[in-house]
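Make a model of the complete structure from these sequences and hints.
So the protein sequences, as listed, match chains A and B.
If you count the first sequence from 1, position 33 lands on 33 in the numbering used here, and the numbers rise without skipping.
If you count the second sequence from 1, position 499 lands on 499 in the numbering used here, and the numbers rise without skipping.
The set of hints was computed from the structure by calculation and includes no laboratory data.
Among the hints, erroneous ones may be present.
Which residues of chain A face chain B? A partial, calculated answer using Cβ under 8 Å [said to hold, decoys possible]: (1) 41; (2) 68; (3) 77; (4) 87; (5) 90; (6) 98.
Lysine to any residue pairs mimicking SDA-like chemistry, simulated, CA-CA at most 25 Å apart [said to hold, decoys possible]: (7) A/14 <-> B/467; (8) A/112 <-> B/414; (9) A/162 <-> A/215; (10) B/209 <-> A/58; (11) B/402 <-> A/215.
Some chain A residues judged to face chain B by a derived CB distance under 10 Å, without partners named [what the hints assert, rightly or not]: (12) 61; (13) 63; (14) 64; (15) 65; (16) 73; (17) 75; (18) 79; (19) 80; (20) 82; (21) 88; (22) 93; (23) 97.
For each residue, glycine too, the CB sits at the ideal point set by N, CA and C.
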Amino acid sequence: MQPDTSAVTIQPCKHCGSQAPVDVHFCPRCDRILTLGRHGDYFTFFGLPRRLQVDVPDLEQRFRALSRQFHPDYFYNANSTERLASLERSSYLNDGFRTLREPVERLEYLLKLEGFAPKEAHEATSQVPPELLEEVFELNEQLEAIQQMRAGGAAEAEVAAKLEAARQPIQANLDVHERRLNTLMTQHDAQWERGDVADRRVTLEAMRALLVERTYLANLLATVRRELGGDQAARV
Amino acid sequence: MSKVVGIDLGTTNSLVATVREGVPLVLADESGDALLPSIVSAGDHDTIYVGREAQRRLLTDPTRTVYSVKRFMGRGIEDVAGESRWFPFTISGETGGVVHIHLGERELTPPEVSGFILRELRRRAETTFAREGDVDPEVDRAVITVPAYFNDAQRTATRDAGRLAGLDVLRIINEPTAACLAYGLDKSHQGVIAVYDFGGGTFDISILKVEDGVFQVLSTNGDTHLGGDDIDRLLVEQIVAELGLDPATWGHAVQAIRRAVIQAKWDLSEFDQADILVYRMPGRAEPYRRHITRVEFETLIAPIVERTMQPCRRALEDAGLRPDQVDEVVLVGGSTRIPMVRREVELLFGKAPHSDLNPDEVVAIGAAVQADILVTGRREMLLLDVTPLSLGIETMGGIVSKIILRNSTIPAGGSEMFTTFVDSQTAVDIHILQGEREMAADNRSLGRFKLRGIPPMPAGLPRVQVRFQIDANGILSVHARELRTNVEQAIEVKPSYGLTDEEVERMLIESFEHAQEDVEARMLIEVRNEAETIMQATEKTLRRQDFDEIAAARLSPAEIASIRSALADLVSAMSVSDRNLLQAKSQALNDATRHLAEVMMNWTIQAALAGRTADEVASEGR
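Right, here's the structure in full:
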């Protein structure tokens with residue numbers, strides 16, 4: 001992930017050499033599309049404040065409007081520098097839209113921007129968060145029992161009922177996590193509005209811990225779903 | 001200014017369209033036919049025939065005639081091993097490499113064979129523009145469509161085919177998206193649209209959101225090896241089994257049966273039952289006839305139709321939508337004429353699908369519109385498509401690390417950091433893959449490259465950033481940079497199932513060497529078209545209700561006999577690819593009917609003078 005680039009405020013125009021603000025897409029002087037060299041983050045790229053609550057229809061509207069400004073279709077006859085700029089800007093726009101549209105990805109992204117990323121990739125996925133140890137232990141036992149039932153030729157309906165019973169507490173816990181995250185997100189945005197730096201850092205740290213657990217729970221649910229749906233590995 | 005066109009390079013048929021004064025239209029050949037059969041055949045001295053002529057030769061010279069070449073684009077011999085015995089032509093190639101198709105005495109790659117089809121379409125467009133008095137009829141740029149679910153190798157092969165036909169391929173676009181663009185021309189189609197595209201060899205489903213003139217693909221799924229061809233093959237297999245034929249030794253019979261089952265398949269879209277009828281079955285004295293009911297047909301094809309449903313459910317899931325959130329379902333491709341297909345689609349989406357536009361032409365029209373957008377820079381419409389498959393690289397233990405996820409809007413980019421494992425290591429091997437599976441071996445290999453020129457440093461110290469960029473065509477390019485030294489690395493990807501630039505260049509040069517043979521093929525087609533015209537005019541006259549009356553008054557029995565015999569000669573000359581013979585027989589019929597033509601003309605004039613209305617006379621002459 002990119003380091004915090006919010007300190008960067010200007011970008012050069014390769015065409016006329018003038019300085020442009022970092023969050024504009026076209027040179028204010030010569031009107032050419034700017035190469036995507038120095039840039040801010042997805043939020044500034046879309047002209048949005050760094051908030052966790054995003055009005056999705058508004059985001060879509062911005063996405064379409066920006067696509068219409070720099071999609072490669074419209075630079076077919078331009079020179080190679082502008083074509084490359086259009087390609088890079090469109091790529092960045094598409095990646096940004098994908099990230100900001102999904103609440104979880106948006107949160108992960110903002111945490112990284114603010115320096116609260118999970119320290120290592122495995123922290124988010126493989127290590128069991130201490131709070132969830134008991135639940136995971138229980139689920140594994142249930143899954144093992146279910147696999148034995150399957151091997152013993154138990155009726156599919158019976159297996160499915162057992163799986164559903166195993167799934168429910170995890171789903172309930174995930175719902176709790178999402179509600180708590182939502183509350184924290186609202187809190188974060190209010191603190192951001194007020195410029196309440198110290199409290200906001202506490203909120204970010206709390207969201208980071210919750211998010212690690214939430215991701216873990218979501219992966220557990222995916223495991224159960226795979227078990228429910230039979231051989232999902234054949235999916236291509 | 002030279003022209004641009006949109007081309008639908010289909011498995012069964014191909015079309016070319018253009019936009020004129022803002023209106024898209026499909027271009028037909030001299031006989032008014034818009035569909036060009038995607039068939040290429042090699043005659044004597046490697047003369048190349050494309051389209052209807054090649055289709056005729058499929059029955060007379062099947063081993064030198066290639067159809068469904070699209071199924072081989074960007075694929076390896078191991079991908080097509082299961083079906084190759086059903087094709088009359090020979091294919092070869094090494095495992096893990098490009099397929100070679102034997103076309104007469106030549107061994108060609110699928111892009112070269114497709115290149116012949118594209119060249120024919122290009123010629124058709126140029127002829128049309130020239131006939132209409134265009135000062136610069138040359139066509140040198142095109143948008144070509146591909147199935148949405150085509151991978152990088154299949155897309156690249158299509159682009160290479162365009163280059164081999166002398167076309168600058170402005171853009172590769174997805175068929176369902178092109179169809180949606182054609183539908184979107186009239187502004188009433190807004191909201192969430194599912195395009196179900198079931199063609200001759202491929203199946204695609206795309207879910208789009210159309211708003212403010214932006215056509216945004218939300219998700220796509222499909223099967224690049226599932227189409228009407230597979231239905232035909234099921235029927236052929238059934239009959240071959242019933243007759244106890246060996247397809248390897250009865251290539252002619254299989255092609256005759258194939259033609260008959262295709263006709264029966266069409267009939268079954270309209271009627272509850274049909275006959276599979278082969279008049280002249282090689283190896284049999286009497287005609288072959290087999291009755292088939294729609295119920296039997298549907299039982300047979302049900303597994304194939306079901307195979308299109310799973311991709312639809314996955315596309316909906318990836319778009320995060322329930323079937324009832326889809327506003328409209330659009331049908332594209334010839335196989336959507338099958339009533340069972342329509343019924344199943346309606347069942348899945350809970351609404352009647354529609355196909356107001358001709359499902360054969362809609363893709364070419366969309367391609368022409370996109371070509372027009374690119375050239376003119378007009379901005380009222382914009383296509384935002386996605387990459388159908390995730391892109392990744394092989395990591396330790398043969399596991400795939402995904403870099404760009406499927407259904408990402410393109411252009412899309414992603415990067416990955418690499419380092420070295422031993423001191424002073426200057427190169428790293430990288431294997432690029434496309435697909436959704438965890439293990440590298442289960443995905444499509446796109447290519448391998450060696451990252452070279454890494455400055456010698458202790459192990460683990462270099463930081464090489466490799467950037468993967470998928471452009472608006474869905475085609476990948478790779479760049480790398482060592483971050484400590486900021487040195488750009490040279491990357492040359494060896495495509496697994498594609499051609500290198502040098503190979504394409506060499507093929508282009510070779511294709512010029514064969515230009516003379518193409519001229520020969522062209523001339524045969526022109527002669528055949530003339531022959532067809534005079535044949536049809538003569539047959540029509542002979543069928544007139546008042547012909548006996550006219551003949552009794554103005555023609556001798558000997559004259560009528562010689563006309564009939566010249567006509568029969570020409571009909572039989574039509575079944576072989578001999579230009580001189582065809583020209584001679586055509587001329588003979590022309591001579592034999594010269595007096596007849598005068599008689600008919602006079603008869604018509606007299607009828608007019610006798611007080612009949614001009615309209616009646618005109619309608620007879622038509």
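Hint by hint, work out which the structure violates, then give me just those numbers in ascending order. 1, 18, 19, 20
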